[in-house]
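There are 2 protein chains.
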Amino acid sequence: MDTRTSPYRARIAKTQEALARHGLAALLVPSSDPHLSEYLPEHWQGRQWLSGFTGSMGTLVVARDKAAVFADSRYWVQADAELAGSGIELVKIPTGTATHHVDWLAREAKAGETVAVDGAVLGLAAAQQLRTVLDKAGVALRTDIDLLAEIWPDRPALPAAPVYEHRAPQAPLARAAKLMQLREAMARHGATHHLVSTVDDIAWALNLRGSDVTYNPVFLAHLLVTLGGATLFVGEGKIDAALKAALAADGVALAPYGEAAAALAALPSDARVLLDPKRVTLGLRERIAVPVVEAINPSTLLKSRKSEAEAEHVREAMRQDGAAMCEFYAWFEQALGRERITELTVDEKLSAARAKRPGFVGLSFSTIAGFNANGAMPHYRATPESHAVIEGDGLLLIDSGGQYLGGTTDITRVWPIGQVTDAQRRDYTLVLKGTMALSRTKFPRGTLSPMLDAIARTPLWEQGLEYGHGTGHGVGYFLNVHEGPQTISKALPDAHMAMEPGMITSIEPGLYRPGRWGIRIENLVLNVPAGPLQGAGEFGEFLAFETLTLCPIDTRCIDRTLLRADEIGWLNGYHATVRERLLPLVDGAARDWLLARTEPI
Amino acid sequence: MDTRTSPYRARIAKTQEALARHGLAALLVPSSDPHLSEYLPEHWQGRQWLSGFTGSMGTLVVARDKAAVFADSRYWVQADAELAGSGIELVKIPTGTATHHVDWLAREAKAGETVAVDGAVLGLAAAQQLRTVLDKAGVALRTDIDLLAEIWPDRPALPAAPVYEHRAPQAPLARAAKLMQLREAMARHGATHHLVSTVDDIAWALNLRGSDVTYNPVFLAHLLVTLGGATLFVGEGKIDAALKAALAADGVALAPYGEAAAALAALPSDARVLLDPKRVTLGLRERIAVPVVEAINPSTLLKSRKSEAEAEHVREAMRQDGAAMCEFYAWFEQALGRERITELTVDEKLSAARAKRPGFVGLSFSTIAGFNANGAMPHYRATPESHAVIEGDGLLLIDSGGQYLGGTTDITRVWPIGQVTDAQRRDYTLVLKGTMALSRTKFPRGTLSPMLDAIARTPLWEQGLEYGHGTGHGVGYFLNVHEGPQTISKALPDAHMAMEPGMITSIEPGLYRPGRWGIRIENLVLNVPAGPLQGAGEFGEFLAFETLTLCPIDTRCIDRTLLRADEIGWLNGYHATVRERLLPLVDGAARDWLLARTEPI
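Going down the list, the sequences are from chains Z and D. Its first residue numbered 1, the first sequence is counted upward by one per residue in the working numbering. Its first residue numbered 1, the second sequence is counted upward by one per residue in the working numbering.
Be aware that a few hints might be false.
Identical chains blur together in the list; that is why a pair holds if it fits in one copy or across any two.
[Stated by the list, open to error] BS3-like mimics (lysine-lysine), calculated; alpha carbons at most 30 angstroms apart, straight line:
1) K178 - K244
2) K278 - K490
3) K442 - K490
4) K92 - K490
5) K136 - K278
6) K110 - K66
7) K278 - K14
8) K92 - K14
9) K92 - K110
10) K92 - K278
11) K178 - K110
12) K278 - K178
13) K92 - K136
14) K356 - K490
15) K110 - K14
16) K14 - K356
These are computed hints drawn from the structure, not numbers from a lab.
This is chain Z alone, in the form it adopts within the complex (with noise of 0.2 angstroms):
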């Protein structure tokens, strides 16, 4: 790109003017949202729009004469090749840090000055942080200006999707009983109002779904519970009359989107409010005068735990998900060598086996489909201008996943194109043998989910291998493909990530040769009462995965000797679990796939 016509230039140029304009030395423009979501609605996306910087995560910084962009290892080429002729700087900042712009901040800004960032998308956790840096160097902060919208001329309107219900039987809780689950939580704390502004919680706790960002059905709002009532502010025309009549049978009231601050700082003053302070922005917290209950929301700990009836839709969405591959591979292995397939076309070809399933209402997440070295990028996506042909040898990694209105899927495999190598069949079994070692773990309820997350990687490190990712994520119910609170990582853990039954987790170790081939074998497990042990409850409770994900895990690529026999008995009652759940949902090409895949080795 000519450098002199970047139009990321001029708009980080049209920034300084603006800080010129208020006294202020800098302006820091994170990648978030007033829900603290994942996915941003491009509204909130300045900081793409100012920098042309388009990866998921990475936070700008504008000072009087300067701009950096930090970004973490997983960005790099990408944020190198976007900056280009920007004049912006990419400072590379370690993973899993998120506090590099803040030293930078307060290094830049002189004591006295004034610094701003728009406290409506910053979560308060980061508030506290920054604020107490800042203090320390004498820098003040300014919170209650947008500066975006001084300087964005054709800033993209929030989006406007409708909001429609989940309805029973998939979503077998009323939402009156799930209101009362959340009253009996605000009674518990003493508080007379629960303020909810993370979109999943919503979702769920009114039966509510939406399309106002990629992949999660969510829609935005944020939400005020009272103990007899409820408030919605959410996007006016987005509900319709019908909606608006079920809602108030409910005591569920609606009021405009933007209104939510308003009604907080107008809360009586014999009213308390429990809030989670990692799930609400410094905006909305600072318009609360009356005393606050701080406590993770309630909705989060009880969404995790899918009941017995939601696991039921959940197995069913499975076999949907697991018909939909074996439609789609029996159609890649007969049309490999015969027609060109590109990265681009796996993805095509999956989503539409996936779209003629029942129940189906999108994809939970971007298909990564990574042939070769592209699979050896954990957070690969084909793009028009950049994708693999799926032709010669090597191995083909694809991530992908669907949202079901019985359950959200996400699995991982990988297959062999023409020849594989011994080297490529080590790697992949021993990240089998991963998958297979946390799959059959029993553990005691409560057990912290981190705690597990060594057991995946055992087979790995015995040979010196690692990888860079955490080994799941809790996965939510028809909503958020990444949805805590627990976690199966090296994440430092705290008490909210206590194992519960009906939890639903990925266990997707992998194993990456940078410029060769990635491995990742993944599935969704389900946490279930482990049955009659030996210990017979002297022990305690213990919990067992349940394997939800219903799909075969090709066997041409493992070798048998790295294999127990343990282990072997383990894929293979899998495998006929697996045809005798899919088969009577395939038929032709698919069927004769299933059968071949599933066969015991």
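Mind docking chain D on chain Z? Use the hints.
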């Protein structure tokens, strides 16, 4: 005990008179000393003296008209018995919680009142927590008064045992070099002074040892390191002239033990003090008026990583310790059934066998010899009043260790007595599987030690079995047998628990059948480079455990059907090593015993 004659009733009454005299609402008596040590000199066993409760953990609170001891489940039986007749309530708290007494205090005292605790024995972290709760309740906290001084007429004096040098070759790094390491750390933190109050840190830094408390070869002192020298605050008469001169040659001056606080108060205004908030008391912290840098004691990290020269001494100490075990067990097996052997005899004979070995200094902790039901109490200690005779059938658990000039040992073994049942064999074998699984694990350098905990538990979890204690603790080098910062347990990890080469840790899974039997199989392991692996460094540096402990693991208790071939291979390999290393040190019956007990299975 006749309730009217309990001496503790009178002591509590006397405390309550003192409360009235000083206008205080309550007195808090924690189980701690000015060095926040595991073992307290009698001088600071005020809680024991006042209440009669002798458990190693527990807090006493005396209010105007009542008193309570707070203790966790390990101590309930003991505390119930010891508090009988004292009028002191036992408050049973969940294991791992240490703050119930704070809430109790906040309830008992009224707003505007004052409660007291001796700041000289209160850790900074505990103080902060206490202050937060009391502040909310409007209760003032006084920490500048030691009420015990008024009410404890025959309070034991401070220990006066001589301090001695830990010399080369067992102390391979000279004192001057260690002080330089501390000064380098001070420079990194921009500190001019470094206050050390923890006695293991001081013993390590100065290559000094003492015997002021049981088992840990340490002495009471505070150390103030400057960039050019150091002052050791230590009881007069404990350091002889020759040692004083040697210390002076390394720039270490002596000052009376009681003058540390005054020295801190007199620091020059341009001083900046490095201290560890977890390892310094409020009493000393409050005397410091100059800026403070808070960080973990550099010595805590430095001493956790044993040098190769130290590791070589530990290996030799393990040979001596193993030879003592052979001698003891050879005697035990031939004497069993011929003479009366009790749990106390085990302690005597085993200690005597250790005492004969070169380099032996003392026990590293109180021997646990528990037969059958007694073995099911992880912290059991036989007493002259209450102990079992070893006879009939069952399992004998022996957990013991020694302090040697060249290292600290800690080993648990379980031995069959008479007939062993199938259920005992199964439990024993599952615990052994846990010990072996973790012993064989390789892991990336820097892995947080608690993340490895589940690996030892997996074989037990698979059967619905669990143990209530941690899997392993760090071990000092001729220092404390419990010495961090690393710990393999469910403790919430922090960054200081990163596994680094040279660390020594115990691996000690167990299984306890209350009223029936207990099993624990414990070795000490050293973090060593994992050697050549398939990953070949591409995925970073890997560590493995070298098993240091050398003593047969009984094979007669094993249910061989529960072991995999690779596990049998590990066990036979371990026994071959034990035989090879110990054989030159034993003869006669001990030699025969070693040969028999190291036979491959």
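Do the hints match the structure? See the list:
| no. | hint | result |
| --- | --- | --- |
| 1 | K178 - K244 | within (18 angstroms within a copy, 73 angstroms between copies) |
| 2 | K278 - K490 | both (19 angstroms within a copy, 24 angstroms between copies) |
| 3 | K442 - K490 | both (19 angstroms within a copy, 16 angstroms between copies) |
| 4 | K92 - K490 | within (22 angstroms within a copy, 34 angstroms between copies) |
| 5 | K136 - K278 | both (23 angstroms within a copy, 23 angstroms between copies) |
| 6 | K110 - K66 | within (15 angstroms within a copy, 57 angstroms between copies) |
| 7 | K278 - K14 | neither (33 angstroms within a copy, 49 angstroms between copies) |
| 8 | K92 - K14 | within (25 angstroms within a copy, 65 angstroms between copies) |
| 9 | K92 - K110 | within (24 angstroms within a copy, 54 angstroms between copies) |
| 10 | K92 - K278 | within (26 angstroms within a copy, 33 angstroms between copies) |
| 11 | K178 - K110 | neither (50 angstroms within a copy, 40 angstroms between copies) |
| 12 | K278 - K178 | within (22 angstroms within a copy, 44 angstroms between copies) |
| 13 | K92 - K136 | within (24 angstroms within a copy, 43 angstroms between copies) |
| 14 | K356 - K490 | neither (38 angstroms within a copy, 46 angstroms between copies) |
| 15 | K110 - K14 | within (22 angstroms within a copy, 60 angstroms between copies) |
| 16 | K14 - K356 | neither (48 angstroms within a copy, 83 angstroms between copies) |
In summary, the structure is inconsistent with hints 7, 11, 14, 16 from the numbered list given earlier, while agreeing with the others.
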